[in-house]
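With these hints in hand, go ahead and build the complete structure from the sequences.
Protein chains in written order, with this note's numbering: chain W, 164 to 619; chain D, 164 to 619; chain P, 164 to 619; chain V, 164 to 619.
Be a bit skeptical, because a hint or two may be false.
Given that identical chains are not distinguished, each listed pair holds provided it fits within a single copy or across any two copies.
To be verified - Derived lysine to aspartate or glutamate pairs resembling EDC-like cross-links, with alpha carbons at most 20 Å apart: (1) LYS529 / ASP234; (2) LYS233 / ASP301; (3) LYS348 / ASP369; (4) LYS348 / ASP363; (5) LYS452 / ASP577; (6) LYS526 / GLU583.
Just so you know, the hints here were simulated from the structure itself, not pulled from any lab data. Quantities reported herein were computed from a predicted structural model and do not represent experimental measurements.
These are the residues of each chain, in order.
Number of protein chains: 4
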Amino acid sequence: MDVSFFQEILSKISDRGRQILDLSSLIGTDAEESFEELCQALVSSRGEASGVALARRILDLYRLTTDKEKDAFFVFLARHFLPSTEAVQRAATAYLEQPEIGRLETLMAAVESPRQELFRRLNLAPGGTTALVRMREDLLRRLKDNPQLAGVDRDFVHLFSSWFNRGFLVLAHLSWSSPASILEKLIAYEKVHKIHGFEDLRRRLDPNDRRCFAFFHPALVDEPLIFVQVALASEIPSSIQLLLASDAEDFDDPDPSVAVFYSISNCQDGLRGISFGNFLIKQVAEDMKKEKPSLKTFVTLSPAPTFRSWLEANKAELSYLPAAQRKLIDAALAGQFGESEEELDALEPAILAAAAHYYLRAKDKKGKPVDPVARFHLGNGARLERINWLGDTSEKGIRESLSVMVNYLYDLKDIERNHEAYVNLSQVAASKAVRSILLAPEPNAKAAQRKSETIS
Amino acid sequence: MDVSFFQEILSKISDRGRQILDLSSLIGTDAEESFEELCQALVSSRGEASGVALARRILDLYRLTTDKEKDAFFVFLARHFLPSTEAVQRAATAYLEQPEIGRLETLMAAVESPRQELFRRLNLAPGGTTALVRMREDLLRRLKDNPQLAGVDRDFVHLFSSWFNRGFLVLAHLSWSSPASILEKLIAYEKVHKIHGFEDLRRRLDPNDRRCFAFFHPALVDEPLIFVQVALASEIPSSIQLLLASDAEDFDDPDPSVAVFYSISNCQDGLRGISFGNFLIKQVAEDMKKEKPSLKTFVTLSPAPTFRSWLEANKAELSYLPAAQRKLIDAALAGQFGESEEELDALEPAILAAAAHYYLRAKDKKGKPVDPVARFHLGNGARLERINWLGDTSEKGIRESLSVMVNYLYDLKDIERNHEAYVNLSQVAASKAVRSILLAPEPNAKAAQRKSETIS
Amino acid sequence: MDVSFFQEILSKISDRGRQILDLSSLIGTDAEESFEELCQALVSSRGEASGVALARRILDLYRLTTDKEKDAFFVFLARHFLPSTEAVQRAATAYLEQPEIGRLETLMAAVESPRQELFRRLNLAPGGTTALVRMREDLLRRLKDNPQLAGVDRDFVHLFSSWFNRGFLVLAHLSWSSPASILEKLIAYEKVHKIHGFEDLRRRLDPNDRRCFAFFHPALVDEPLIFVQVALASEIPSSIQLLLASDAEDFDDPDPSVAVFYSISNCQDGLRGISFGNFLIKQVAEDMKKEKPSLKTFVTLSPAPTFRSWLEANKAELSYLPAAQRKLIDAALAGQFGESEEELDALEPAILAAAAHYYLRAKDKKGKPVDPVARFHLGNGARLERINWLGDTSEKGIRESLSVMVNYLYDLKDIERNHEAYVNLSQVAASKAVRSILLAPEPNAKAAQRKSETIS
Amino acid sequence: MDVSFFQEILSKISDRGRQILDLSSLIGTDAEESFEELCQALVSSRGEASGVALARRILDLYRLTTDKEKDAFFVFLARHFLPSTEAVQRAATAYLEQPEIGRLETLMAAVESPRQELFRRLNLAPGGTTALVRMREDLLRRLKDNPQLAGVDRDFVHLFSSWFNRGFLVLAHLSWSSPASILEKLIAYEKVHKIHGFEDLRRRLDPNDRRCFAFFHPALVDEPLIFVQVALASEIPSSIQLLLASDAEDFDDPDPSVAVFYSISNCQDGLRGISFGNFLIKQVAEDMKKEKPSLKTFVTLSPAPTFRSWLEANKAELSYLPAAQRKLIDAALAGQFGESEEELDALEPAILAAAAHYYLRAKDKKGKPVDPVARFHLGNGARLERINWLGDTSEKGIRESLSVMVNYLYDLKDIERNHEAYVNLSQVAASKAVRSILLAPEPNAKAAQRKSETIS
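Below is the structure:
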């Protein structure tokens with residue numbers, strides 16, 4: 164009962180967010196004004212009186228604008244919405260003369276990007292937040308070929324990091340009783356294991372051993388930011404095919420002990436770089452533990468998306484493996500993945516050895532693991548728990564990872580330690596089982612370092 | 164129907180906001196850690212892994228802390244949460260050497276206050292936003308005697324301006340069907356015309372010619388930010404006593420033409436300086452016009468809070484008034500406010516003349532009107548429509564303003580023009596009726612200036 | 164805002180309705196008690212103390228029971244849950260002796276069926292209403308072969324008519340934002356124009372010229388009772404294929420004048436005989452008129468489900484038609500429906516003449532039209548507005564009605580008059596256009612009667 | 164989340180329920196038609212077509228009608244809305260001839276009161292249920308002086324018993340966050356321990372050891388049917404003054420073991436005789452046990468409203484008490500209630516002995532206890548647990564019950580047995596402690612009966 168009033172109030176946001184922008188509502192603006200003039204007006208004193216109307220007009224115009232006009236708009240933002248060079252120079256000079264707080268603050272004010280104020284004022288319009296997220300999508304598509312736009316993007320990132328602070332996000336449980344208009348977005352946004360229409364989605368949501376959670380933001384109406392799909396189980400799963408098939412039967416364990424995060428997808432391209440996954444997984448783990456105290460283990464079933472491509476490019480690193488194994492790996496990379504049970508059994512130790520190397524020894528330029536999914540979960544403080552042979556036998560699974568999937572384990576009491584060791588020392592937390600797969604000692608590493616490599 | 168899902172989702176915010184912080188949930192922190200250590204940890208990489216828990220712990224500690232410890236905490240923020248002087252110097256020097264964009268951005272990054280990151284991360288905790296608003300209340304109480312804390316406050320203002328952007332606020336209609344726990348806050352926060360308990364409040368909310376609207380923020384659960392009380396009427400009212408009494412009778416005009424904003428109160432001391440009133444009045448006017456198309460006039464009935472004190476200090480300015488009037492004014496200031504109808508009638512033109520001068524000619528150091536309420540409404544683009552003799556005959560009304568109240572008119576089509584003229588030229592928009600009260604030409608003003616003074 | 168509290172309260176119903184019945188919660192009952200003993204206990208004084216638990220137990224048992232046990236249960240209800248013959252005889256005798264009010268009331272009490280009290284007490288259990296509706300479904304399947312169960316059904320009908328009184332029903336607008344779990348029921352329950360999955364449903368709900376409304380009952384959680392699909396249009400439509408296709412294009416008329424009820428489906432077999440359609444159509448018409456004042460015409464596009472079978476059995480009635488037409492009709496019934504445009508054009512007047520006869524002259528035993536859809540709409544007070552050749556060219560449309568569809572017009576000002584004339588005088592309200600299709604005067608009818616036959 | 168859609172749907176009821184009836188919306192009715200004609204029309208076939216409009220018109224007229232016209236309306240219902248005597252006679256005769264099921268059903272149909280159909284059709288109007296409940300209030304006020312209206316009331320009772328079946332009621336938790344418009348009704352309806360305004364109410368709702376629950380019906384918008392106030396405690400309370408005072412201090416027991424129902428009030432006079440209290444207490448006990456598993460004891464603190472008046476009239480029954488005690492009782496009845504601690508101590512055993520007699524031995528004509536509150540709780544299956552001297556020392560408490568209050572204990576496992584013994588054998592379930600207060604054996608009772616009198 165206590166929530167009903169506030170709930171009611173909050174629903175008003177959605178109304179505002181959903182309403183179609185109405186060009187006829189423009190007041191106090193000359194229809195002939197250009198984008199540039201309108202943006203300048205919005206950050207001027209005129210914007211204080213007519214901010215909502217001006218912001219609405221700019222966003223309406225933006226929606227109707229051609230791609231070419233958008234190009235020009237972003238260049239305009241990059242070149243002309245900048246702090247005054249003269250003011251910055253003056254403040255910098257003054258500060259260097261005498262670095263005291265007052266002068267520091269003058270300098271802070273002088274360097275603040277006027278684009279941020281522009282974006283904040285654009286947010287006055289109904290649906291403004293959504294429009295700004297879409298605007299950044301447009302920007303990101305241009306960014307690669309227009310490095311000069313990087314500053315505009317940095318301002319977006321700065322603002323969105325503040326606006327989409329986890330304290331403002333709302334965790335929602337999505338189910339088969341959720342609106343079709345929301346559920347169709349799950350179908351559209353799912354990136355890891357494609358959902359084939361509503362009937363397929365139903366199999367992911369409706370069984371009593373499945374859950375789906377998403378973060379929403381109050382000003383981004385009906386748009387999930389990120390969602391995670393969870394399966395309840397009695398033990399840590401090793402195969403996505405088995406997991407996705409298992410919902411066919413009824414799951415009757417009233418006290419499951421394992422929660423499996425088997426798919427996590429970001430939804431908003433315009434929020435790239437604003438990280439939600441870490442918070443989502445931990446919040447969901449905490450909430451589910453309250454709902455089902457029998458849950459003891461929180462684990463992922465995750466892909467190894469770059470394993471095969473890495474292996475193709477770095478076979479040489481595995482020269483310490485027995486020749487027989489290397490031969491099998493070569494054959495597998497050449498397309499002979501094993502046709503009989505026996506061949507698969509023979510291939511298993513070779514691939515697992517290569518995968519263990521891939522996760523524990525292969526490093527990118529910063530000294531972190533080469534696998535992007537590993538970097539995400541290890542960075543969150545999880546531990547590499549198990550490497551699963553034949554974890555994903557789909558065409559994509561073979562093509563990208565020679566069927567390997569892995570489990571990352573989230574153990575609340577170790578998360579902070581693992582994270583610190585990962586961030587500061589680039590240590591990869593891994594279970595004994597994973598470490599023991601490594602066939603030979605790392606050729607050119609000192610014992611001390613090797614020891615620190617793993618934290619169980 | 165379309166809103167129900169999102170409404171449901173959003174209600175989760177309130178649950179989080181309401182939940183009592185639980186000290187037992189702390190993980191990964193040593194109970195002996197000091198405030199300072201915890202704050203440093205929160206902005207470090209450790210905060211990335213355990214941000215929610217650390218933020219919760221800091222806010223819990225803060226709540227339990229003594230006033231003296233809070234003093235120390237703010238000083239710590241002021242002195243030790245600052246950009247590195249060395250880094251700023253290096254970046255400033257580099258920029259001055261060659262003022263190009265890359266170096267500008269390095270400078271921007273170098274001067275960013277780490278306190279803002281601290282506040283953003285504190286917001287990760289459940290109820291974080293509310294806790295931060297309360298923290299700023301504590302700060303504001305200390306600010307006057309501790310000017311060294313000004314920088315901390317500036318960071319709060321910067322962040323709150325972004326977080327409490329109008330695009331994130333929700334307009335709510337408050338009625339007698341609203342929760343008692345919200346309504347009691349109206350009683351507590353009403354600043355203009357005191358509400359004496361629930362029965363009195365009911366008279367302000369329940370009659371069918373009364374409305375009340377408030378802005379809420381999704382993360383500030385159950386706490387109005389600002390609210391405005393409105394009466395529907397057939398003509399512009401001239402007396403607050405009549406207006407507050409009139410609800411005793413049934414108001415049966417199905418097509419009222421005037422909406423009167425007769426009280427507007429800010430609720431959150433911790434959000435001082437973040438302006439909502441301008442948006443609230445305009446949004447309410449727009450929404451009410453949709454609900455009741457018969458409404459043509461949107462007007463306030465507003466106090467003149469500093470009229471008497473100004474008059475006492477600046478009688479000399481009125482030397483151009485007839486001596487008889489000046490004598491009556493003197494007597495009124497001395498307490499002889501008029502006891503008979505005749506005396507009051509005699510006093511009226513004198514007080515009105517003084518009031519017209521007060522609004523149209525008296526200026527503060529920046530050249531703006533001396534009346535703070537006038538500055539607010541004129542700054543919003545409203546027009547001074549009428550000065551009402553005997554507008555507020557309460558003890559407070561006589562004491563502060565010799566019974567004067569005024570109406571500011573919000574006319575959508577003039578708002579931008581009025582605002583621009585007010586901001587840029589310090590012109591006071593006033594009706595002919597008000598201007599004509601001025602008994603004599605302004606002694607030392609040029610005709611041209613006089614002309615531009617008023618815009619009807 | 165005013166609804167939020169009550170809304171919140173009401174949502175509790177759904178929680179109760181959804182919760183799975185829990186056998187372990189039984190108190191005060193001996194697990195060995197039979198159905199019969201439990202039912203007797205429920206209506207006894209024991210039921211007053213433990214009604215909820217007993218009701219829950221009976222419904223749980225019922226759910227787990229075999230079809231054969233259900234047979235026995237219904238026979239038990241039919242034979243043993245009856246008023247006491249002796250008591251009825253006594254009361255009837257006393258009343259006949261002296262027919263005064265006191266004795267009438269004794270008689271009323273004596274004849275009241277104890278089954279109704281049983282059903283009312285079964286409704287004490289969580290989910291009781293749903294269980295009782297399902298129970299009647301089971302009963303209806305047995306009724307045809309077990310006429311002895313008719314009395315049990317009459318008691319259900321009596322109770323459900325009272326419980327599902329229109330005053331307790333809630334009209335809901337269903338849209339693409341409604342829960343998937345509700346929407347899938349539309350797919351399942353649609354009887355007139357089959358919906359092929361969610362994508363097809365989306366085309367019926369999402370375009371801005373489509374609406375869907377349903378009645379719900381607070382105690383029948385998540386189960387629509389009846390729903391109607393509506394298309395907005397600029398003129399009365401003549402073809403269901405065109406209508407269902409038209410949503411492909413954008414419908415841009417901001418001021419449509421016609422609302423077309425093109426499909427209306429009852430959802431609950433267990434509520435057969437409890438009529439909702441009449442109320443639904445009129446309520447939807449009233450609500451839509453408020454939403455879109457441009458709507459002037461409320462009309463159906465309805466099938467003629469028994470037209471062809473009637474025609475096959477009653478060709479003789481059409482002997483007054485020209486021989487050429489009769490020949491064409493014979494050919495059409497034989498499967499030669501017309502392959503070229505010319506053949507179809509030739510067939511049209513013959514079929515329309517037959518259809519006009521079918522609607523205006525063919526009568527069932529009670530003197531009402533033979534078409535069941537006609538009886539429904541004419542009984543509601545609607546008027547037969549138009550007969551459409553090639554209205555439904557689907558395989559089913561040709562098979563059942565030789566492509567004929569009709570429009571019934573709901574004109575609020577005529578509804579009561581039409582209804583009265585239909586009920587009392589069996590008059591069919593029809594437009595001039597329809598009446599003029601009749602080729603020849605009705606052979607054996609008096610002029611006066613003919614005249615009264617139609618009301619435009 | 165799962166409830167949000169249905170919640171949304173249900174909220175529509177409230178909208179309909181709240182909307183003001185609009186006389187202008189009448190269709191198909193002649194403004195000159197009398198009440199009688201309209202009622203006849205509503206139950207005729209005309210009512211099938213225009214039921215909603217006719218029902219609305221009748222209820223509108225009823226609202227505007229004078230008391231005298233209402234008198235006439237009820238007499239009209241009593242005399243003219245009756246089954247046809249002739250039809251009943253015919254059906255009764257036929258049944259007596261041959262008492263088979265078909266004829267029984269004809270008889271059932273013949274005796275059914277047409278008033279029930281009238282009421283059901285009146286319920287078609289928006290707000291119909293509320294209007295009918297108000298109508299019965301009007302009727303009840305007339306009933307005492309107009310016994311001829313009893314039949315009308317019986318029809319109301321019959322219908323309301325079906326409509327307000329517990330299966331359709333919704334249990335709501337009322338708190339300080341509930342709407343003021345609902346809370347003011349608690350203040351108005353509280354009958355046991357008067358609530359003095361909102362501040363007093365707040366003390367009953369806001370402390371964390373207080374709860375309030377109410378039943379609502381979906382069609383009776385914003386109107387509680389019955390509510391109960393609960394205090395959480397560590398032991399069974401003996402004084403209402405202590406209990407109502409205790410909320411002044413913080414109650415910090417996180418694991419209270421006792422829930423005290425200290426006030427239960429019916430709200431709707433128009434639903435008199437429809438029993439909700441039994442269900443409410445049991446449902447609340449069940450729900451609270453789920454919320455707080457530490458709760459073991461569910462007990463009331465109840466008044467003895469007729470104790471003193473009974474004692475005054477039946478002193479003779481207590482002749483077996485020692486003369487000294489009888490003298491003290493006489494003095495207390497005469498107004499000498501005891502002024503010193505000593506006097507009160509002396510009075511205690513005398514009053515307790517009289518009270519024990521009052522509860523255990525004094526009987527009404529049906530052999531049940533004379534105390535109405537006792538009949539309610541014992542009828543529910545509760546046990547008389549304790550008689551408290553100085554339980555209510557307010558003026559009213561002394562006046563009505565010489566300060567006595569009692570606790571009734573609800574023990575789920577005994578409820579059915581207690582209820583059966585009470586209903587069938589008039590046995591009063593009482594604790595040993597209560598029974599042992601009886602000073603002497605009941606003079607004229609057999610041992611066997613005495614034994615069965617009490618069940619602990």
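Earlier hints that do not hold, by number: Hint check: 1 fails alone, others pass.
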